[in-house]
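Visitor: Work from the hints to combine the two standalone chains into their complex.
One line per chain: the protein sequences are A and B, in this order. Going by the working numbering, the first sequence opens with residue 3, and the numbers climb by one from there. Going by the working numbering, the second sequence opens with residue 716, and the numbers climb by one from there.
Since the hints were made in silico from the structure, they are not lab data.
Derived DEER-like restraints, expressed as beta-carbon distance ranges: (1) Val855(B) <-> Leu312(A): 50 to 60 Å; (2) Val871(B) <-> Phe52(A): 37 to 47 Å; (3) Ser810(B) <-> Met118(A): 49 to 59 Å; (4) Ala61(A) <-> Ser923(B): 40 to 50 Å.
Straight line, CA to CA, 25 Å or less: simulated DSS-like cross-link-like pairs of lysine-lysine: (5) Lys131(A) <-> Lys859(B); (6) Lys868(B) <-> Lys131(A); (7) Lys922(B) <-> Lys215(A); (8) Lys215(A) <-> Lys847(B); (9) Lys261(A) <-> Lys327(A); (10) Lys215(A) <-> Lys877(B); (11) Lys847(B) <-> Lys116(A); (12) Lys768(B) <-> Lys131(A); (13) Lys354(A) <-> Lys38(A); (14) Lys760(B) <-> Lys777(B); (15) Lys794(B) <-> Lys131(A); (16) Lys795(B) <-> Lys131(A); (17) Lys847(B) <-> Lys155(A).
Residues from chain A that face chain B, not an exhaustive set, calculated with beta carbons under 7 Å: (18) Ala98; (19) Gly100; (20) Leu128; (21) Ile137; (22) Tyr141; (23) Thr159; (24) Leu183; (25) Asn187; (26) Asn218; (27) Ser247.
Ideal Cβ placement from N, Cα and C applies to all residues, glycine included.
Chain by chain, the residues run as shown.
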Amino acid sequence: MKILCLISLQVLLLTTSTAYAAIEAASAIRQYDDGKTKVMSPKLEVKGTFLGDRANVGAGYAMDVVSSASSDVTSYGTKPIKENRQELSANLGWLADGGSYSWSVVSSEENDYKSMTYGVGATRELFEKNTILGIGTGYGDDTITSSSNKNFKRYMTNSSYSFSATQILSRTAVIQLLYDLRVENGYLASPYRKARIQQASGTIIGVPENHPKTRNRNSVAIKFNYFFKPLELAFSTSFRAYLDSWGVTSGTLEERITKDLSSWLSLALSLRYYNQMQASFYKDIYEAEPGPFYTGNKTLAAYSSYQIGLRPLIKFSDDIKFYLKGEYYSQSFQNHTALGKLSDTSDDKKLKLEAFVVGAGIETRF
Amino acid sequence: MMYLRRGVFHFIISVLFASAVPALAKSNRLIVESDTTVFTGPGFKFRPLTNAKSGDQFPLSKKVVVGRDGGEFYKVLIKKKSGPPRVGFIPIEASVRTEFSETDSPVDDDVDSYIPFSQADTSFQVGFAGLKDSNFLWTVGYAKYPAPGLYLKLLVGQLLYKRAGSLLGGVEVGFEQSTFDQFSLYLLLSSGVVNIPIVDEVFAGSKSLSFFTQSGMGIRYTADEDAAVSFGLLQIAIFSPNGSYISPGAGISLEVGL
Numbered sequence: 003m004k005i006l007c008l009i010s011l012q013v014l015l016l017t018t019s020t021a022y023a024a025i026e027a028a029s030a031i032r033q034y035d036d037g038k039t040k041v042m043s044p045k046l047e048v049k050g051t052f053l054g055d056r057a058n059v060g061a062g063y064a065m066d067v068v069s070s071a072s073s074d075v076t077s078y079g080t081k082p083i084k085e086n087r088q089e090l091s092a093n094l095g096w097l098a099d100g101g102s103y104s105w106s107v108v109s110s111e112e113n114d115y116k117s118m119t120y121g122v123g124a125t126r127e128l129f130e131k132n133t134i135l136g137i138g139t140g141y142g143d144d145t146i147t148s149s150s151n152k153n154f155k156r157y158m159t160n161s162s163y164s165f166s167a168t169q170i171l172s173r174t175a176v177i178q179l180l181y182d183l184r185v186e187n188g189y190l191a192s193p194y195r196k197a198r199i200q201q202a203s204g205t206i207i208g209v210p211e212n213h214p215k216t217r218n219r220n221s222v223a224i225k226f227n228y229f230f231k232p233l234e235l236a237f238s239t240s241f242r243a244y245l246d247s248w249g250v251t252s253g254t255l256e257e258r259i260t261k262d263l264s265s266w267l268s269l270a271l272s273l274r275y276y277n278q279m280q281a282s283f284y285k286d287i288y289e290a291e292p293g294p295f296y297t298g299n300k301t302l303a304a305y306s307s308y309q310i311g312l313r314p315l316i317k318f319s320d321d322i323k324f325y326l327k328g329e330y331y332s333q334s335f336q337n338h339t340a341l342g343k344l345s346d347t348s349d350d351k352k353l354k355l356e357a358f359v360v361g362a363g364i365e366t367r368f
Numbered sequence: 716m717m718y719l720r721r722g723v724f725h726f727i728i729s730v731l732f733a734s735a736v737p738a739l740a741k742s743n744r745l746i747v748e749s750d751t752t753v754f755t756g757p758g759f760k761f762r763p764l765t766n767a768k769s770g771d772q773f774p775l776s777k778k779v780v781v782g783r784d785g786g787e788f789y790k791v792l793i794k795k796k797s798g799p800p801r802v803g804f805i806p807i808e809a810s811v812r813t814e815f816s817e818t819d820s821p822v823d824d825d826v827d828s829y830i831p832f833s834q835a836d837t838s839f840q841v842g843f844a845g846l847k848d849s850n851f852l853w854t855v856g857y858a859k860y861p862a863p864g865l866y867l868k869l870l871v872g873q874l875l876y877k878r879a880g881s882l883l884g885g886v887e888v889g890f891e892q893s894t895f896d897q898f899s900l901y902l903l904l905s906s907g908v909v910n911i912p913i914v915d916e917v918f919a920g921s922k923s924l925s926f927f928t929q930s931g932m933g934i935r936y937t938a939d940e941d942a943a944v945s946f947g948l949l950q951i952a953i954f955s956p957n958g959s960y961i962s963p964g965a966g967i968s969l970e971v972g973l
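So that you can see chain B by itself, here it is in the shape it has in the complex (with noise of 0.2 Å):
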């Protein structure tokens, strides 16, 4: 309670500093003159955060951010419709231009008050999952984001059934939104191909070569650039012409950044 009395103290003497005396506050903005890609980090080894078109325009850091690998980026502001702001950074060569100006209105876009959340653009990952009758699903994975919120994963593991464990390897699509600063939703679709060395082991007439497709959903918490954890609900099918299995299971997934 506290908080909030200051919290409104503080409201009450801006508004009426404010209406007593116009302040004049400076504002740098960056605006986009043709399409840009706006990075999580300062370097082109962070995940795209969003595709910045032109016209768009961004508050925008006095500093001049320069990255691990020597290069230099604009730090800007990312409004996003729903969520808070994100901190982005555009690599100074892009065809973009910076004013500077001074309004007599607020500055609510302080670049530098928010913190960055920067994101590996490729990681590795590492998935268990507990499917029904007590059979399990492990899989290492490399993932890359080629896009904002779209990663793609080559990936290799090992179904886990009653007398053996069955070799897979398929590839990934995922779609990932960032919901709450570091949470995000994700939904991804795997497919590919599993041996199984013994006839019959994961279902009647089951062969060597079979295939599987998988499907997840979940929440994902990524905690810096170089970690993540994600829990989620799944469900596989591994099938040939002869049978199939299928299973409802739930999963977590550990990843870092590359």
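Pulled out of the complex, with its shape left as it was, chain A reads as follows (with noise of 0.2 Å):
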């Protein structure tokens, strides 16, 4: 009987404070479109705060809307695509003393491809909150089947681990340093994409790519912000080195220009460069014995990509703001060619691409 008063007055008080309450939603949608894919995606996602701020739920729904007639797809002789990508994910926060801890787990279906993904993260403030130790962990299965094939069926398991570091430097300057490892087990390649293999004759055949089974990922980045104050910018620099075991080399530089322009709008100017290193057994065409892996994957060609951003925000309130998103987005290969016709080499081109993506969304608290 005192165990279940104790209990009643915990509830009681436990309903009381849960009477500061506050309701954020968040919704956007973009589209990218190359001229020869679409992809169109819409989310929403909505996060309650309870207990003072101290914890918070949140939940989101993801969508992508995939048409392609990608070089990619038509060489083969397949249809252009249509596919639809869902998402559902679910998060947990909690604001401790000196520190915080977060749970997500986040499910992804599409009609050949299904994943769950759990996460959990936490921080620790030392230094009178001048430093910030965080890490992180996550763990993925994924199921990967084929609509051309209904046997077809692999599975890939993926390991996360991050760590970071962030030191406020003064007023108006933060610097934060971070690893992260992905290891990848499994089934690695696509059951659609065939690589480029020439064989004695001459003629060029496609045959289904083969990639190892494991993949070690990882990645630092180091991003710095400031606040200039005589003009009232903010600047957001970020740079991001990548290895990974497959050979792929990569480093992205970031940087964002934010600028208030009133009490009710602000805009944004975003800049990004990317340059990539091949595959150590990426080809674009392979000989007649191209080794134990072959693969048909365009990502993992040499290329560079650069995008250009503009984000105007329009706040109507402290509780409600809009804004549209409109990008310009170039990738030039180095060695990876556009297929024309697959047993001819001569109609073969460099791969560009050309995106334009826009976007819009809102953000409101209740």
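Guide: Put into structure tokens, the structure is as follows:
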């Protein structure tokens, strides 16, 4: 009876303290269009904070509607593809004394790919919150099937680990160092992509790609945020270096400059440059004896890309914000060709993609 | 129910007395003048509880506590944003001042009525985990808490696979957050090297030198300053450029304060 009374009292206290709660909702839509592939991505996120902002619970829904007639698809006689990917996510956060904890689960599903990912993270504040350390980890299980082969079923497991250190340098400058490791194990190819192999006769054929069964990905990033007071400009600069066990190396440089033009309007300009060296086993066209691994994946080729974007944000009130987004994206491959007729190389040309990304979103707080 | 009735009776009596005669109660306070560390026990060998900032004020015990190593410490009460208050200890050499005052407000901060919960700042840990496909992992480690809620650990152990044990060694960083009295939540990340004695034992292509990374999360129960037990979920990845083995698991660890 005593225990029951105590439980009732605790429930009462908990109910009282949840009286202060806030709900935030954000919805956005984005469209990518490079002329041959179009991806429409709507998403909705809802987050509630409780216990005086100490706890939060969130949920999200996102979707990718893809229609593609890219050369990768049409060169192998496949019809233009149309597919949907749906993603559901839920997360829980807890603000503890001197740090925080978070848990998340994400489920993603399309007609030939399913994945479940579980994540947990924590931060620890040191030196009067001037230094914040963070660690995170995730575990995922993916199931890969093929819409053209009902008997095809493969699995991929991934395990990720991250460490970050954030340091406040001054009232207007913050620096952050991040390290990420992701180990992937299992089927890491695509049942649809084909590697091009030139036979002794000179004819080129497409064979299903064969990738190593593991890929260990490492990335190190440094981010620097700075507020330049004389012009009231906020700079967000980052550089990321990437290296994996397939020999892919890359560097990404990003800059975002934000300016409040008035109390209700702000403008953000973003620039991104990316350069990648190819995987050790990548070739645009393989010889008759291609070796143990061969691929048709253009993202394993050497290429560079840049992106420039503009995002005006309108603040209707402290609780309602609306933004538009426009981006131009260009990707130039050094050694991946856009296939014309598969058996003939005379109509091949270096692949170059140009895309426009437009989007809009609204963020509200109740 | 009897307890509840008695509690209500006490409450009514104290309200009546409080209304009738404003009592003057004694209140001791410690005011921090320069940033200092608050320890969980009276000694520098105890785990840091929190970092007190200049200007922070804490209820103070009338008695100065003498630690095992002869050092003298102020005994204060640390109130957290969540959970019950905890007793902390500040060395008397720290830049602090004490104040004694009489107040007519009820004193609910009698430091001596709280039991200290001291924790050693270094410990020896033994862990055992079950992995998928009936594989196991054991480790021993030396952990030190350099800051509140943060520990660093050196560890060695063995991955017990089907035919052989693979020796591993590495470092670990962990965050620990006291939640309810002696229970705390932890999240850890460790990484190091593994020596796999048999080629292809753990995964196709595994050679003698591979790497491991492990993460884990769970609950730790600290019995007293010298003993704790943890239960949690974990995952480990053993990998080299040739291949990898990823496994979720569950584990238990025992900790002895040094």
